[in-house]
Amino acid sequence: MAWYIFRRFLQMIPVFFGATFMVYFLVFSLPGDPIQALFGDRAVSPAVAAQLREQYNLDEPFLVQYFLYLKNLVTFNLGNDFSGRPVAEVLAQVFPVTIRLAVLALVFEAVFGIIFGVIAGLRKGKFFDGTILVASLVVIAIPIFVLGFVLQFLVGVKLGWAKPTVGAEAGWSDLLLPAMVLGLVSLAYVIRLTRTSIIENMNADYVRTATAKGLSRPRVVVVHILRNSMIPVVTFLGADLGALMGGAIVTEGIFNVPGVGQRLYQSVLRGEGPTIVSIVSVLILVYILANLAVDVLYAWLDPRIRYA
Amino acid sequence: MRFARTSKLVGLAAMAALVLSACGGGGGTGGGDGADASAVITANSTEPQNPLVPTNTNEVGGGRVVDLIFEGLISYDASGAPVNEVAESIETTDSQNYTITLKPDQTFTNGDPVTASSFVDAWNYGAAAENAQLSQYFFESIAGYEEVSAEDSKENEMSGLKVVDDRTFTVKLAQPESDWPLRLGYTAFSPLPEVAFEDMESFGENPVGNGPYMLAGEGAWQHDVQIELVPNPDYQGTRTPQNEGITFKFYSGFEAAYQDLLANNLDLLDTIPPSSLKNFKTDLGEGRYLEKPYAGNQTITIPTYLDEWSGEAGELRRKAISLAINRPEITEVIFSGGRQPATEFTAPVIDGYSEEIEGNEVLEFNPEKARELWAQADEIDPWGDKVFTISYNSDGGHKEWIDAVANSIKNELGIEAQGKPYATFAEVREVATSKTLEGALRTGWQADYPSLYNFLGPLFGTGAGSNDGDYSSKEFDSKLREGLSAASPEEGFSAFNEAQEILLQDLPAVPLWYQVRQVGWSESVDNVDTAWNGVPVYHEITRK
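From first to last, the protein sequence lines stand for chains A and B.
Counting in the working numbering, the first sequence runs from 48 upward without gaps.
Counting in the working numbering, the second sequence runs from 6 upward without gaps.
Here chain B stands alone, though its shape is the one from the complex (with noise of 0.2 Å):
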């Protein structure tokens, strides 16, 4: 018994740390109480990138604020249908020659007036080289954005957009556009109050907007935790706000946020971690998630640079890649069914889609033909030993389906397939962007607005931004001209669909499936839906 006195002390201080942790957990549930109460919902976030200016937020992070605390001309409903909401008409004869006529009386939280000019002096802002916004790209519709948008152009406003009065403004585009209406909805054409300007990073700490919500004071946007936001009470917009407010706490990865779920200390994830998608619905039970397709999906691009996959012989061969790739079976065996193989090249959830396209049998899986357009290309121009590989960005979660895809190619074609992994987006973005890529490339779309064109123009025109296997086609080019000029969307839909039986043909890129979101929430809330581009429908859940 000699050393009683330590045993026991041993004792105590396990019992402290006991009584401590046991402290720490009852404080959690007494602030998950007080949140239940309130009303206000709590959904994880990431830290925004940028400061909250919405012509510099590319980003889901600030997306998804920027999103709620402004309100464009339009927004769009669930399905993606375009709403007026600050426009009360959106007029054009010739889809070049816009006149937009605002609602009476819209206001900015601090009380200032949404005019014609908070409008166009937002877009020009976004526009104007000197203030290096990272969205400027969405205004190249305008014209004179070729002026304002050169490097070290000290012009800043576009010849295009001419207020008219204060609710009136209008808007003169480069060349018609049938589908630029369809853009507004998209935070780039937020408008911005005048004391933005006075000083737009400060602005960007505390923005000011004429959303459903706004921030909830001075210092609601804590860095790298969470930023607040409390509903707009003069809001008059359709998105009405069912909840007291959201809370959007920044997670670094899914699994925390998950295992936050799962405790019922956060109410509504909007992404299932890859690591739980085979066993979430019975964590969460049922009527506690949600499966649900987006405009978005997955390719592999693989660049026409390269000699071994230009001319006949290359777009024989790419044929064969996407023919010999199984997708039904990926998406099951690695997505637990998660995803829906894809039939073309934008997202079922887009007006005028169709899975009729002629020529979208090269997307399904046929082993016999895929080696028998790959034998007739080596043929022409032998494949030798050479090594086919999939460049990706590893911190992205797409190992297993690289891996997979590319074994697929191995199994079904009998040569050497592999994923390249690259340790950051940064890296891979600049091979791809200073066309040094030696073999595909993982790529993958989310349409920023609700339009076939969106998921064409930007990434397979001529010279467009986002074209990273430098594809171009004159006939291609023309139809998606064809459609842009079409006097209304709907018209516009044969041409975009007429373009991609081209892309059917040549395959710049090989479409493997469309994405589809789950989202998991709390057993404390209810009414949780996602749009059309698989953000959740915040404004509409509500506290049980």
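Okay, chain A solo, but in the shape it has when bound (with noise of 0.2 Å):
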């Protein structure tokens, strides 16, 4: 198992480097000229935007661009961003933020998307079973900025239950509602995702063997069938929350949350190249690890899968 995750790790370099360059190059393909979006509208001074085009080494050609922010990682300086801030301040502001929203999102998905299913499984072609697959198809076919908006008015501004925007502090229970919003979809994928699966295991013979034992039916529900309906639920949870965080952008727009999307958003629009691939850079960092976190749990769900 030790020497199975030191190569996943190993893995994982040319992994890095490889999404670097790509987004690297798909920022300095960008079509427009960063400084000159500085200045506005208003009169480009030359002396000035050749000075800063030095600053940011935007007048060198592309490999050498790329190959001077690669120095710099290893030395762990990620440069700064156009108002003279270090990325790396930038980085350690945004993520915790982005962390706590879709951790929450995740939580929120997975319990209520594993508990719905599993009592739609459980009563399938029930009352219960019927409304939550029309409830689930209903969410999964309304984009997410149409439930963002009508969530926040009607929570934020109608009922005033919580702040329609996440305000400075950006804390759990400010987050509550932009998360919510967040894992909906998702939460909607996992009650399906975990209702098949538990309907499929119910037939399964060691259901039976488990049943005729005389196990309690709470016992062979949580232990035999649960356990091993969770192999699809985990790999599209891990899966998803490296999407979360990078899919973030709509829903942070929506409810001003002052994190990773919001922040690749805008430099995106600036061009601010070393920004976005330090972002991005973590992003894959995230999903990698996810990734990785899902294959050990397959060992543990599913005592037969070995790695070596």
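If a hint is listed, it holds; no wrong ones were tucked in.
Okay, derived cross-link-like pairs now, DSS-like style, lysine-lysine, Cα gap no bigger than 30 Å in a straight line:
no., chain 1, residue 1, chain 2, residue 2
1, A, Lys205, B, Lys297
2, A, Lys205, B, Lys549
3, B, Lys283, A, Lys205
4, B, Lys415, B, Lys404
5, A, Lys205, B, Lys286
6, B, Lys374, B, Lys391
Where chain A lies over chain B, by a calculated footprint (3+ residues, C-beta under 8 Å):
no., segment
7, 48 to 62
8, 152 to 165
9, 259 to 270
10, 468 to 481
FYI, nobody ran anything at the bench for these hints, they're computed from the structure.
Each residue gets a CB set at the ideal place from its N, CA and C atoms; glycine is no exception.
Two chains, each in its own frame: build the complex with the hints.
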């Protein structure tokens, strides 16, 4: 197992460099001149523009720019954004917020998704199952920004249960509503995955054996059916953590969450290469680590799966 | 009943969620109440894009903060008229040599005195190429600017600035400019304390100014979140704060801020988002909003460097385009009446504005005349089946009106016309400044200082910095010079308006409408107004 994890870490290196290279290339190929945009539609002073280009290495060819970035990366210097703030500081500020948001969303979708999925699966064809199926279909069909705006207006403005936007602290309770919106679509998928999986496993031989042994129904459901039904759900949730963090742009925009998505969006608009690449690189790391965690979880859920 | 326990669990979890979210809500209202009691006003803004150095701040997010924490020689009152602040007098006899005297006993919030060198050093810093300041061009009129602003120049003192004593300095301009004193209220001309020059970058994080407000201590600027300002206790100018501070909360879009405004979670929103323009009056109710024109306009520039838009045919075509745009209808339908059709190139709130400039009938809607002129142009140089495009940045909320203008042109002239969106502002600016436009360009101008010249010189002067259409006219340039060398701003007005007659003939840009600012506020604040430039008059806002 240790060897397996070590090998997976080794695999991360080429993935990481390949991804940063591609992102850097994409940013480099973005049309538009970021320095020009700094001046707005006001007069561009050539001397000032030249000075700024030199400062951000924008006057160098692509490969030189990329290697300068890598060189700085090795010394843990991520460079500065256009306002002169160290990118490392930006990352340290936005990631905790988005991690909180994504974890809340993940917990929300995992807990409610599995609970609803199990009940729907066990009561296949009954009223509860039907309602859940229709409701999840509706959620999947509606774009997330519609859900976001509607919930923001209902809960935040009309009912006044929560602030419509997330304030300065972006604490756990502030993020509850945005996290629900963010996790809602995935919640629908988790319910459906769990339900299908449960229904499949309910008719399996080992379930009949367990029941015949005289085990109580709750024990059969939780230990035998549920554990074996979790593999597809865990795969989905693991991949979803990365997707939630990267995909929070819309939700963060609606609720004004000062997180990764917002910052990434601003940086793309302003053409800030180093900031974009740094943010995306960390997202890639999160994605890779989440996938690794999922693979390790497989072995725990199903001891028949062995890694070497 | 076998699964009773599971069902109970679900119920518990659901209840827990409700309780949790109720807690969040409770906390929120509690915070709001606290703000009420302390009379600190919360207002929307955006993260400043640069350290808060006056000469390096050229966008609204930083601009409004810099304007409140620094005080220049003059400020503008709500109508745009200049009021002496740090300056006791600004004197000139020839519009080229100015003697500026400061009021005694002015200080920065760190106790340092505001002296003549506070201004001279700050201006020299802003102009010197080695400092790469974004507002460098504001100093271009001062003698010696050419030398210090040249690429790789090591020179960093303009010859036109001379300190006479602590309270007096003289300014020599490269040529006479009657409206130059009017510019001095722009933030780029703010003074800087000595401590700034030691480390400008860290100064920009925690700036020390002499304005009506100051930062509420170290770290008052929480990046990407908010910036907290409190009144400057030693402030002596005319903009005395009527509240106990202003907290600018940063929003990435106006929609989220609007929801906060509805929930009384934000006191002041300086722009109603386009999606709510139709219903904000009923949403907010009487006495909670304001709709007021300001010194900005919207135009489309038609580059004269393109063959089909040059010469006599080009001139006829530009006129035909202008006559084919139904401005009253578009402002009514798209902006719900929130814009005022343009009759010239500046804005009505500017001193010297006239709606009777000769030739302004070309800005009226006259489809017959438009078709007639277009046909005349076609006789000289056939248009064929080319497409008339208007390039714009799609991240700025322009799509609806661009489409409406294109449709108006298409319907009246019978040619193919459409908008040409670029994803970002950076992209469309690059096309514009590299002079590679293939059709018209969305342009607009917000005055830096309240003067007719500011709408004309930087945009249409030969070789000027924001002259996107590459327009050049000797007569226009000389009228501008005439206006600038007039003995007083008032005498310059007629020359500037004569210059506009030439523009109305040539139409290097087609004026569309003047900008109107819609501002909304919460139930708990009062005395909200906007100034000549559309910026709320923050210091006058009071808590009910």
